[in-house]
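Heads up: the protein sequence lines correspond to chains V and P, in order. Per full-length UniProt numbering: the first sequence ends with 591, consecutive numbering throughout. Per full-length UniProt numbering: the second sequence ends with 591, consecutive numbering throughout.
One or more of the hints may lead you astray.
If several chains are the same, the list does not tell them apart, and a pair holds so long as it fits within one copy or across any two.
[Stated by the list, open to error] Straight-line C-alpha distance at most 25 angstroms; calculated DSS-like pairs for lysine-lysine:
(1) Lys-216 x Lys-335
(2) Lys-153 x Lys-274
(3) Lys-328 x Lys-225
(4) Lys-335 x Lys-225
(5) Lys-274 x Lys-147
(6) Lys-335 x Lys-556
(7) Lys-335 x Lys-180
(8) Lys-153 x Lys-335
(9) Lys-77 x Lys-375
(10) Lys-153 x Lys-375
(11) Lys-80 x Lys-487
(12) Lys-153 x Lys-20
Everything labelled a hint here was simulated from the structure, so no lab data went into it.
Protein chains: 2
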Amino acid sequence: MADYRVPREDMQFVLQDVFKVEQDWAQFAELSELDMDTAVAIIDEGAKLAETLIAPNARAADEEGVKFENGTVTTPKGYKENFKQLAEGGWVGVTANPEFGGMGLPKSISAQYEEMLCAADISFSLYSGLTAGAIMTIDQHADDNLKATYLEKMISGQWTGSMCLTEPHAGTDLGIIRSKAEPNEDGSFAITGTKIFITGGEHDLVDNIVHLVLAKLPDAPAGSKGISLFLVPKFLVQQDGSLGERNGVHCGSIEHKMGIHASATCVLNFDGAKGWLVGEPHRGLPAMFTMMNYERLGVGIQGLGAAARSYQNALDYAQDRLQGRGAKATSEMEKEADPLIVHGDVRRMLLTMKAFVEGGRGFSTYVGQQLDIAKYAQDPQQKARAEALVQLLTPVAKAFLTDTGFEVTVIGQQVFGGHGFIREWGQEQLVRDARIAQIYEGTNGIQALDLLGRKIAGSRGELLQPLLQDIQDLLDQPLAGLEVEFKQLAEATELLRTITGEVLNRVGDDENIINSVAVEYLYLVGYVAFAYIWLRMAVVADPLVAERPYLASKVKTAKFYMARILPRIHGLVGAIRDGSESLYRHEVGEF
Amino acid sequence: MADYRVPREDMQFVLQDVFKVEQDWAQFAELSELDMDTAVAIIDEGAKLAETLIAPNARAADEEGVKFENGTVTTPKGYKENFKQLAEGGWVGVTANPEFGGMGLPKSISAQYEEMLCAADISFSLYSGLTAGAIMTIDQHADDNLKATYLEKMISGQWTGSMCLTEPHAGTDLGIIRSKAEPNEDGSFAITGTKIFITGGEHDLVDNIVHLVLAKLPDAPAGSKGISLFLVPKFLVQQDGSLGERNGVHCGSIEHKMGIHASATCVLNFDGAKGWLVGEPHRGLPAMFTMMNYERLGVGIQGLGAAARSYQNALDYAQDRLQGRGAKATSEMEKEADPLIVHGDVRRMLLTMKAFVEGGRGFSTYVGQQLDIAKYAQDPQQKARAEALVQLLTPVAKAFLTDTGFEVTVIGQQVFGGHGFIREWGQEQLVRDARIAQIYEGTNGIQALDLLGRKIAGSRGELLQPLLQDIQDLLDQPLAGLEVEFKQLAEATELLRTITGEVLNRVGDDENIINSVAVEYLYLVGYVAFAYIWLRMAVVADPLVAERPYLASKVKTAKFYMARILPRIHGLVGAIRDGSESLYRHEVGEF
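Kindly generate the complete structure, drawing on both the sequences and the hints.
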């Protein structure tokens with residue numbers, strides 16, 4: 001696999017010029033000491049880790065995979081040392097509460113760090129990624145005692161965390177989980193049950209693992225309103241903070257998977273394991289969901305990271321590999337063939353990748369910025385507006401970034417021809433690793449249902465308004481030379497508005513409509529949102545080209561996106577308008 | 001992985017009722033003794049092999065993979081025995097010349113056999129598949145002596161074949177190959193060079209391997225018009241037909257790949273290996289291409305087979321797995337959840353799979369029928385028309401069946417949620433195995449270039465006419481109850497006609513247009529062709545439902561296809577109309 005180079009310039013362009021995050025930071029008490037120079041320095045530190053330690057190890061780690069023997073999991077060579085470096089750099093707690101040692105950085109910066117970590121090695125990124133999710137959940141919902149006992153060790157990366165939701169019979173449908181929590185006399189609970197697909201549920205990177213486990217109390221109401229959340233450490237922690245006896249949670253096996261071979265995906269058996277309630281009884285799901293907005297963007301960024309890496313590799317290859325002649329004579333006539341990049345279809349593939357990668361970087365930063373405003377803003381109106389955008393965009397970020405991320409990695413493999421199918425080039429690993437991000441943390445179908453059902457229909461379309469308003473603000477100040485593209489954005493936005501209205505009008509008459517058109521609707525929102533991001537980036541880039549030549553492509557790529565990718569929305573409209581009709585003609589036996 | 005069940009009923013429906021192939025056979029001297037009962041019996045024999053021997057071994061064979069040690073390749077457990085069974089059943093020579101022991105069956109039947117073989121195990125299918133291609137090439141282009149020496153042994157499956165085209169620096173661009181062929185005194189040639197990605201180039205299934213090798217004679221003109229074809233056996237064959245000394249061709253290594261782990265993908269080193277010219281000097285590429293129409297449909301069917309298997313698994317899973325509640329109360333209220341199949345989005349996924357699988361089966365049989373007419377018909381007009389359809393549809397069959405096949409396997413993985421990512425369920429293997437079919441035997445981008453460049457633009461659109469005429473014949477006899485769908489087909493066909501005209505009008509002014517819009521154009525043709533196939537199947541199925549209840553879904557699935565899949569064409573039009581403009585704004589350094 002080729003060396004990975006973090007796109008530092010593009011990350012800075014997005015943060016500084018497009019979204020002007022520094023202006024936000026200056027407003028927010030907790031971020032007022034942060035400036036762009038510091039942010040750039042931080043990104044550069046992360047980039048060094050990603051480029052020199054993590055990325056070079058990813059191919060070998062995939063080949064070696066994780067090993068399971070006698071209840072213990074061994075991670076690939078280099079993982080333990082690299083995790084130690086990551087922890088010592090403070091990266092496990094990059095967005096975590098400074099009170100417990102976290103860096104307390106905004107998500108807009110963390111989004112860049114996460115992208116580079118995932119581009120370097122998704123498997124490796126998961127050990128700290130899940131820990132960050134657990135940290136956030138504990139910080140927001142656990143009592144002071146639990147916080148004092150666990151947070152500092154987790155934020156410093158001495159211990160890691162896991163999120164234990166899925167059971168063999170219960171994936172998407174957490175309401176039917178069977179894990180039980182029975183009160184002990186000392187205020188703790190005895191947790192019993194089997195959890196599967198637990199990322200980082202067991203491994204050898206650190207001494208202790210803090211599991212956050214969904215289980216049902218004896219008096220729990222049925223369904224999803226009867227689920228509670230518990231903290232269950234692998235080793236019990238003694239008064240002085242040192243590790244005590246082994247708790248009754250053990251890894252029964254690990255999964256053999258299509259990708260993320262170096263990530264331990266565990267079956268965990270809880271046999272009366274000692275745990276402590278986090279948050280209120282029966283309120284476990286909402287507690288889990290407070291960190292979902294952060295986590296789901298993070299999973300979206302996994303798709304983006306893999307896509308960014310694949311694009312970089314494909315671009316290198318298309319410039320180096322000589323094959324065939326372009327339609328026009330080139331400067332390569334003394335060589336036996338032209339580089340791939342002269343061919344129209346190769347350019348189509350590369351630009352599709354570039355449009356999704358750079359558009360995705362802009363989009364994830366846009367969502368990250370809204371998360372930051374929602375978290376740090378004092379002004380209630382500003383906060384509420386950002387929260388609304390986050391509500392709307394979170395499922396889009398998770399699903400659209402991972403679906404387009406997967407598409408990009410598949411294209412990036414295609415650019416390599418037969419070599420893309422061979423392991424040594426690394427392009428196929430990116431496909432295999434990116435694939436899981438469309439599935440876990442709520443399948444992309446579930447994200448679509450969340451978007452159209454809970455968010456759009458649930459608000460009677462109100463939640464769409466802040467996005468439409470942001471788009472309108474941009475449309476009000478068109479850039480000369482992009483008149484056609486501004487018109488395309490205006491028309492696409494109008495189509496989104498129309499389709500949204502049509503679907504909402506049918507919800508009362510058709511109980512199946514939401515789940516029947518949700519995926520196509522999410523794509524519609526995604527393509528329009530990316531169109532907005534692309535034109536926003538183009539408008540900002542255009543006057544800067546003279547001083548920063550690398551921005552020359554932004555307007556051109558925006559034009560490409562509008563001409564070649566955005567028209568895909570016209571392929572979605574027919575399906576959405578069909579509603580549930582075509583999906584419910586078949587009896588179950590007629591499939 | 002679940003048991004595989006060959007869709008015998010659907011295959012018979014397609015052959016007998018939709019395409020009425022029996023009527024063709026009766027006309028053709030060489031097929032006049034074949035009837036549907038025999039065909040059904042043959043399909044049933046193949047089905048037993050696929051279901052009981054090959055499919056059950058596929059998961060283990062993927063895990064074990066092929067091994068390379070000291071120049072020899074070991075195939076997974078069971079492969080040798082299963083290949084022997086396949087050979088003894090006459091399946092290696094299923095379409096081969098009866099003069100040398102072939103079954104001489106038409107491609108329309110072979111297409112069903114190939115689908116089941118690929119559904120059972122794509123890796124396994126390749127050993128006989130490449131042999132069939134080599135058989136055809138030798139039969140059509142080699143001299144009588146070579147035919148007498150090699151064909152019978154290959155057709156009986158005692159020896160296998162390989163096709164040696166690619167070199168490290170020359171994949172798509174065969175004009176720049178460097179392998180040399182120098183004349184020996186005895187009329188043979190000494191072949192020297194390195195070939196890569198050679199499927200079945202070395203293995204332990206049989207005693208001898210017959211390599212067909214592209215190389216350049218000393219006096220060869222530059223480029224693709226200077227390539228000759230040679231037959232190079234692994235072991236030289238003595239006068240009495242027994243094996244003599246080892247030839248100078250050796251396997252240097254095998255590739256480690258994303259999928260088809262049980263297929264040996266070899267680097268072959270030719271060190272003055274003894275070979276014999278096949279066909280005319282410098283006419284090696286055309287000789288290879290005579291079998292390409294057959295082979296490319298065969299590769300398309302690999303995508304179809306993987307898709308068909310994935311659909312079968314996903315449907316079983318969606319009926320068994322209980323998760324969540326549907327919008328309506330179901331009969332499952334006493335259970336803790338409803339089966340997945342009640343959910344709209346799961347139905348969307350299943351029906352998308354079904355539409356591509358059954359539509360693909362119809363389409364591949366349609367193309368197979370045209371190959372048979374082109375091969376067997378006496379009437380020159382009938383023959384020429386079929387040849388034109390084959391020319392047009394071959395790149396569509398290869399690319400569209402593999403791209404939709406891959407899409408289907410990815411959806412089939414998604415239906416399983418997290419379990420789709422785990423190896424033991426088999427869904428992820430189908431994704432990995434299907435992926436290669438989009439790449440080899442000419443990448444799908446190259447297929448698109450062939451379609452739009454050589455076929456459509458090369459004929460000034462004439463080659464499209466027979467397809468348009470077949471569609472018009474159908475449109476002239478609409479089925480009551482499908483008025484909307486017939487109108488959709490008519491409009492889509494008109495759009496195809498319009499777009500084709502627009503592109504042709506621009507070819508003179510824009511040298512890059514073909515390669516810039518070819519992929520989207522191929523999709524446009526593919527979606528319209530599948531729409532035609534679906535309505536054709538619906539028209540035939542409708543009156544038969546009473547006697548064959550399993551056909552009840554055909555009209556419904558046709559309606560689904562027209563409402564939910566065909567509209568994708570409207571997402572392609574904008575990109576095609578943009579031409580090459582958006583692809584050539586970027587300088588090479590601006591990507």
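(request) State whether the alpha carbon distance between Lys-335 and Lys-225 is at most 25 angstroms within one copy, between copies, both, or neither. (result) Classified as between; 18 angstroms across copies, 69 angstroms inside a copy.
(request) Have a look at Lys-153 and Lys-274 and pick one of within, between, both or neither, based on CA distance no larger than 25 angstroms. (result) Result: close within a single copy only, 19 angstroms intra versus 69 angstroms inter.
(request) Could you figure out if Lys-77 and Lys-375 sit no more than 25 angstroms apart (CA to CA) within one copy, between two copies, both or neither? (result) neither (38 angstroms within a copy, 58 angstroms between copies)
(request) Up to 25 angstroms between alpha-carbons, please classify Lys-335 paired with Lys-556: within, between, both or neither. (result) Neither. Shortest intra-copy (29 angstroms) and inter-copy (56 angstroms) distances fail the 25 angstroms Cα cut-off.
(message) As a check of your reading, is Lys-274 near Lys-147 (CA-CA no more than 25 angstroms) within one copy, between copies, both or neither?
(response) Close inside one copy (17 angstroms), not across copies (76 angstroms); limit 25 angstroms.
(message) At most 25 angstroms between CA atoms: does that hold for Lys-335 and Lys-180 within a copy, between copies, both, or neither?
(response) Between copies, since 20 angstroms is at most 25 angstroms while 70 angstroms is not.
(message) Reference check for the pair Lys-216 and Lys-335, CA-CA at most 25 angstroms: within, between, both, or neither?
(response) Answer is between: at 19 angstroms across copies they meet the 25 angstroms cutoff, but 70 angstroms inside does not.
(message) When Cα atoms must be at most 25 angstroms apart, do Lys-328 and Lys-225 count as within-copy, between-copy, both, or neither?
(response) between (66 angstroms within a copy, 21 angstroms between copies)
(request) With 25 angstroms as the alpha-carbon cut-off, assign the pair Lys-153 and Lys-20 to within, between, both or neither. (result) Neither: 34 angstroms inside a copy, 73 angstroms across copies.
(request) State whether the alpha carbon distance between Lys-80 and Lys-487 is at most 25 angstroms within one copy, between copies, both, or neither. (result) neither (53 angstroms within a copy, 63 angstroms between copies)
(request) State whether the alpha carbon distance between Lys-153 and Lys-375 is at most 25 angstroms within one copy, between copies, both, or neither. (result) within (24 angstroms within a copy, 74 angstroms between copies)
(message) As a check of your reading, is Lys-153 near Lys-335 (CA-CA no more than 25 angstroms) within one copy, between copies, both or neither?
(response) Neither, since 59 angstroms and 43 angstroms both go past 25 angstroms.
Checked against the numbered hints given earlier, the structure breaks hints 6, 8, 9, 11, 12 and satisfies all the rest.
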